[in-house]
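> So the sequences go chain by chain: A, B and C.
Residue numbering for the first sequence follows numbering that gives the first Met the number 0, beginning at 0 and increasing consecutively.
Residue numbering for the second sequence follows numbering that gives the first Met the number 0, beginning at 0 and increasing consecutively.
Residue numbering for the third sequence follows numbering that gives the first Met the number 0, beginning at 0 and increasing consecutively.
Hints in this document: simulated from the structure, not taken from any laboratory.
All clues given are correct.
Taking lysine to aspartate or glutamate pairs in the DMTMM-like style, the calculated list, with each CA pair at most 25 Å apart, reads:
(1) Lys165/A / Asp153/B
(2) Lys335/C / Glu315/B
(3) Lys198/B / Asp36/C
(4) Lys4/C / Glu197/B
(5) Lys334/C / Glu339/B
(6) Lys198/B / Asp267/C
(7) Lys96/C / Asp107/B
(8) Lys198/B / Glu31/C
(9) Lys96/A / Asp147/C
(10) Lys344/C / Glu339/B
(11) Lys198/B / Glu47/C
(12) Lys198/C / Glu208/A
(13) Lys96/B / Asp147/A
(14) Lys334/B / Glu315/A
(15) Lys165/A / Asp100/B
(16) Lys44/C / Asp298/B
(17) Lys198/A / Asp285/B
(18) Lys44/B / Asp298/A
(19) Lys96/C / Glu164/B
(20) Lys334/B / Glu339/A
(21) Lys198/A / Glu31/B
(22) Lys96/A / Glu208/A
(23) Lys4/A / Asp79/A
(24) Lys165/A / Glu31/B
(25) Lys334/C / Glu315/A
(26) Lys165/B / Asp36/C
(27) Lys334/C / Glu339/A
(28) Lys198/B / Asp285/C
(29) Lys165/C / Asp103/A
(30) Lys165/C / Asp36/A
(31) Lys345/A / Glu339/C
(32) Lys198/B / Glu208/C
(33) Lys165/A / Glu2/B
(34) Lys96/B / Asp107/A
(35) Lys165/C / Glu197/C
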Amino acid sequence: MAEIKLSELAQMLGGTLEGDGERIVRGAATLEAAQADQVSFLANKRYERHVAETRAAAVLVATDYNGAVASGSALIRCDDPYFAFRQAMVALHGFRKPHFDGIDPRADVHETARLAEGVRVAAFVSIGPGCEIGAGTSLYPGVCIGPDTRIGRDCTLYSNVTIYEKCVLGDRVTIHASSSIGHDGFGYATHGTPPVHEKIPQAGWVELEDDVEIGACCAIDRATMGATIVGAGTKFSNLVAIGHGTHLGKHCLLVAQAGLAGSVMVGDYCVFAGQTGIVGHISIGDGVRVAAKSGVTSDVPAGLEIGGAPAVPLPEARRTWMSLSRLPQMRSAIKKLTRELAAIKKKLGMVDSDHDADETERP
Amino acid sequence: MAEIKLSELAQMLGGTLEGDGERIVRGAATLEAAQADQVSFLANKRYERHVAETRAAAVLVATDYNGAVASGSALIRCDDPYFAFRQAMVALHGFRKPHFDGIDPRADVHETARLAEGVRVAAFVSIGPGCEIGAGTSLYPGVCIGPDTRIGRDCTLYSNVTIYEKCVLGDRVTIHASSSIGHDGFGYATHGTPPVHEKIPQAGWVELEDDVEIGACCAIDRATMGATIVGAGTKFSNLVAIGHGTHLGKHCLLVAQAGLAGSVMVGDYCVFAGQTGIVGHISIGDGVRVAAKSGVTSDVPAGLEIGGAPAVPLPEARRTWMSLSRLPQMRSAIKKLTRELAAIKKKLGMVDSDHDADETERP
Amino acid sequence: MAEIKLSELAQMLGGTLEGDGERIVRGAATLEAAQADQVSFLANKRYERHVAETRAAAVLVATDYNGAVASGSALIRCDDPYFAFRQAMVALHGFRKPHFDGIDPRADVHETARLAEGVRVAAFVSIGPGCEIGAGTSLYPGVCIGPDTRIGRDCTLYSNVTIYEKCVLGDRVTIHASSSIGHDGFGYATHGTPPVHEKIPQAGWVELEDDVEIGACCAIDRATMGATIVGAGTKFSNLVAIGHGTHLGKHCLLVAQAGLAGSVMVGDYCVFAGQTGIVGHISIGDGVRVAAKSGVTSDVPAGLEIGGAPAVPLPEARRTWMSLSRLPQMRSAIKKLTRELAAIKKKLGMVDSDHDADETERP
Numbered sequence: 000m001a002e003i004k005l006s007e008l009a010q011m012l013g014g015t016l017e018g019d020g021e022r023i024v025r026g027a028a029t030l031e032a033a034q035a036d037q038v039s040f041l042a043n044k045r046y047e048r049h050v051a052e053t054r055a056a057a058v059l060v061a062t063d064y065n066g067a068v069a070s071g072s073a074l075i076r077c078d079d080p081y082f083a084f085r086q087a088m089v090a091l092h093g094f095r096k097p098h099f100d101g102i103d104p105r106a107d108v109h110e111t112a113r114l115a116e117g118v119r120v121a122a123f124v125s126i127g128p129g130c131e132i133g134a135g136t137s138l139y140p141g142v143c144i145g146p147d148t149r150i151g152r153d154c155t156l157y158s159n160v161t162i163y164e165k166c167v168l169g170d171r172v173t174i175h176a177s178s179s180i181g182h183d184g185f186g187y188a189t190h191g192t193p194p195v196h197e198k199i200p201q202a203g204w205v206e207l208e209d210d211v212e213i214g215a216c217c218a219i220d221r222a223t224m225g226a227t228i229v230g231a232g233t234k235f236s237n238l239v240a241i242g243h244g245t246h247l248g249k250h251c252l253l254v255a256q257a258g259l260a261g262s263v264m265v266g267d268y269c270v271f272a273g274q275t276g277i278v279g280h281i282s283i284g285d286g287v288r289v290a291a292k293s294g295v296t297s298d299v300p301a302g303l304e305i306g307g308a309p310a311v312p313l314p315e316a317r318r319t320w321m322s323l324s325r326l327p328q329m330r331s332a333i334k335k336l337t338r339e340l341a342a343i344k345k346k347l348g349m350v351d352s353d354h355d356a357d358e359t360e361r362p
Numbered sequence: 000m001a002e003i004k005l006s007e008l009a010q011m012l013g014g015t016l017e018g019d020g021e022r023i024v025r026g027a028a029t030l031e032a033a034q035a036d037q038v039s040f041l042a043n044k045r046y047e048r049h050v051a052e053t054r055a056a057a058v059l060v061a062t063d064y065n066g067a068v069a070s071g072s073a074l075i076r077c078d079d080p081y082f083a084f085r086q087a088m089v090a091l092h093g094f095r096k097p098h099f100d101g102i103d104p105r106a107d108v109h110e111t112a113r114l115a116e117g118v119r120v121a122a123f124v125s126i127g128p129g130c131e132i133g134a135g136t137s138l139y140p141g142v143c144i145g146p147d148t149r150i151g152r153d154c155t156l157y158s159n160v161t162i163y164e165k166c167v168l169g170d171r172v173t174i175h176a177s178s179s180i181g182h183d184g185f186g187y188a189t190h191g192t193p194p195v196h197e198k199i200p201q202a203g204w205v206e207l208e209d210d211v212e213i214g215a216c217c218a219i220d221r222a223t224m225g226a227t228i229v230g231a232g233t234k235f236s237n238l239v240a241i242g243h244g245t246h247l248g249k250h251c252l253l254v255a256q257a258g259l260a261g262s263v264m265v266g267d268y269c270v271f272a273g274q275t276g277i278v279g280h281i282s283i284g285d286g287v288r289v290a291a292k293s294g295v296t297s298d299v300p301a302g303l304e305i306g307g308a309p310a311v312p313l314p315e316a317r318r319t320w321m322s323l324s325r326l327p328q329m330r331s332a333i334k335k336l337t338r339e340l341a342a343i344k345k346k347l348g349m350v351d352s353d354h355d356a357d358e359t360e361r362p
Numbered sequence: 000m001a002e003i004k005l006s007e008l009a010q011m012l013g014g015t016l017e018g019d020g021e022r023i024v025r026g027a028a029t030l031e032a033a034q035a036d037q038v039s040f041l042a043n044k045r046y047e048r049h050v051a052e053t054r055a056a057a058v059l060v061a062t063d064y065n066g067a068v069a070s071g072s073a074l075i076r077c078d079d080p081y082f083a084f085r086q087a088m089v090a091l092h093g094f095r096k097p098h099f100d101g102i103d104p105r106a107d108v109h110e111t112a113r114l115a116e117g118v119r120v121a122a123f124v125s126i127g128p129g130c131e132i133g134a135g136t137s138l139y140p141g142v143c144i145g146p147d148t149r150i151g152r153d154c155t156l157y158s159n160v161t162i163y164e165k166c167v168l169g170d171r172v173t174i175h176a177s178s179s180i181g182h183d184g185f186g187y188a189t190h191g192t193p194p195v196h197e198k199i200p201q202a203g204w205v206e207l208e209d210d211v212e213i214g215a216c217c218a219i220d221r222a223t224m225g226a227t228i229v230g231a232g233t234k235f236s237n238l239v240a241i242g243h244g245t246h247l248g249k250h251c252l253l254v255a256q257a258g259l260a261g262s263v264m265v266g267d268y269c270v271f272a273g274q275t276g277i278v279g280h281i282s283i284g285d286g287v288r289v290a291a292k293s294g295v296t297s298d299v300p301a302g303l304e305i306g307g308a309p310a311v312p313l314p315e316a317r318r319t320w321m322s323l324s325r326l327p328q329m330r331s332a333i334k335k336l337t338r339e340l341a342a343i344k345k346k347l348g349m350v351d352s353d354h355d356a357d358e359t360e361r362p
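Taking the hints into account, I'd like the entire structure generated from these sequences.
Below is the structure:
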């Protein structure tokens, strides 16, 4: 952990310090947990009340912050306090470094695999024939890589990750524990009498472009033919499933337990919130945002925010959710209207043509 | 990759060739990606427009196909073009073969385990005491098999698959990376003051019958007593969860992220679409199809298609989804009707008996 | 498997025997599957009819059970038959014991790791520098533990489990195959032109308190700062996702495929049914029960049962689900009312002010 003066930190973050620049910080923490030698931040209004009570040496806030401040705390005003917090985290804590170096003799590296300088291979890693691994890449214990897979520079594959044959990873790709990349897609031709699901060879591969990060226990199918693609800079949380032949654009975010079926074409900068599901063979434009738990069943034009299952534009989904909670009241109102209308018709001597259209009975 | 003349391919597929039989193909590809030495297929109407523009040497189409054809492409008319495509994939690409052979000396094979002829065991595989492994079965690096588990012939277990003790796999079973078979079911008796969830020993096992295929990162609980069963020919996609004591019939399909709780009895040829959830202790008849994201809460008779959460027959679910999008309009209409009725009653000199039944307020 | 006389078993369970105390049982089974030397139980009314037909030597029932009994079966009346069944399972079947002992020479144990007496480490286990492992703990083949992680006494980590650095496990913690504990949380600051998701170092850790059990293929994020916490006695089924910085209380139950986002504060004795999703940064009080497939979007006070997406109190959710199935009928009723009202207004010579408020059209 680094030690940094507040004056240096403010300069590093491009922020304006209000407070004692000589004070030293050794880490970052939440507003509630921060100690006197730690820096904290306010990026979510929900936590604003904690700024007045924090013990943090300094709090990173927006340039226009005008709330209360704890008496012992400095402020560092920043254009983008969340990014400033990220920069402070990098300066104070840094990123994980592998605890192993070189090629462990207990690894199983095929003689035809080509490993660049500075590749780290831990014990119990298996690297198949014909693989290429770029400089600076680290393979944690238990990683298994099938034949002819190419991995770029400075990638990190954590323990028990499996990559099947012929896949392609760019540079700086990170994959967390127990994820599987390039297993067979769910492809069967149902045939015969009685019918049997006959497996279709999955002859394609998976391509993860530069700076992709994949969470733990994710599953990305190889394509039947050609590639399943995850575009540069796209990030997955955990337990995400991607079907065969799907193409994800660049800089998308997939939150935990999202699932996309096969042959989906997704643009750049899309966000799939937690537990969303996307049917196969549809197109999703750039910048689409899908609300948590939504089910997307048809093409979505660029820029739309959608929600619900089946998903509709978000304002419409919100109106529906709002109305949903009124449904029992609506039923009562309809019953009352029906009763009153009958009374009026009777009074007016009008004959009711269809008595049995009671909405409370199923057809 | 094989090389096949179009005339031979047509014969192999039982199809009728329209075009140059001497032309050679070396692989299969999608209509859009196919090169001049590749064959493609049309099984989904959605892609019909691509047939006119493909560079493929030939396109597998239905016998009655009458759409446009690219000038350079032959047609092969087939009764079942998707199955024909599957057959072409098998002929041209074939299935994955293990890149290792024999018993790797770095595997941990217990002395009491019995391995048949031709079993392939990669490095870092662990096989517990009393296991039996049938001829032709391949265990990829990192597979762990608990004591007394029996695995049939020609099975393939990919990297980092775990099978607990006493499980039974039939022949030609395939399990993809990071799946777990036979871990403890979720069984606790909550007891005491204050209450504690006391673990119930899970003394049963899991049985995967012949030709079962399990995707990546799936979890199939062992039964508390007796077996959790997956019937012959049933296929799982990824991230599927099966609870303890559930019996799945033969030739079912479970799409990604489907989950069945414990003690569910499922017939043959059922389809569980993506992200479906099934409560415990219910029965689902043969041939039931559950739409994506549905939640099934009670017994389902054979042959039914269901959808929604809680799930209802699919036509009913569709009517509900359709109506859902009209909910806000329905609310407006009810308000308007209420207003107008009041006006009429006033005009007719009728007294309103309950003023406060406004549907917009919660009770 | 033990052999126990029914008289001894009844005494052991604190139950009252009705039948032949000399009879011997060798195991437990379901009512339908039980053989003449097995004991069974009735805890779910659904299976009551099987008591009359079981071949079990004895059935554990509630003290006030007054249903039919098979002629060959004894009864053991118990205050809590499900807990009695659990005790019988423990007596007759016991818990799994590791099939390996000592430190396997093929394990990769860092020289600075401290392992207490009686720790079992299987082949292909990797233990990083600075780890501490308590007495009686078992690490199955393929377990990978990052640096400086502390694991208590009598824990069991099954095959291919990964634990990242600096995590803390209490005593008697159990983790099933392929789960990942302490991988990076989903934290990025989106910044720059064009915007890039800049990774935030995840400098925290995960703490699993005493008696926690985690199912297979679960993913628990490490916190950005401080700890992600799972309270003592809490149990997870499979494929559960927990976001960074979330604190789960004691004795909670998380059913398969439940997902909680980050920074959620959960009380004790909460139940999250299958496929529930919880948004980040909310508080959930003690004893809250969330119905299957629900989506929780805001704070929940202690003791509430909730359901639906967005989740509402369960009785309200049930009323809504009931009304949902009537939606198409409600639409028809509204149309009919609108028609009839128009007829009445016409008859009364009233003018319709807005013709176009037809609820069947979208706005």
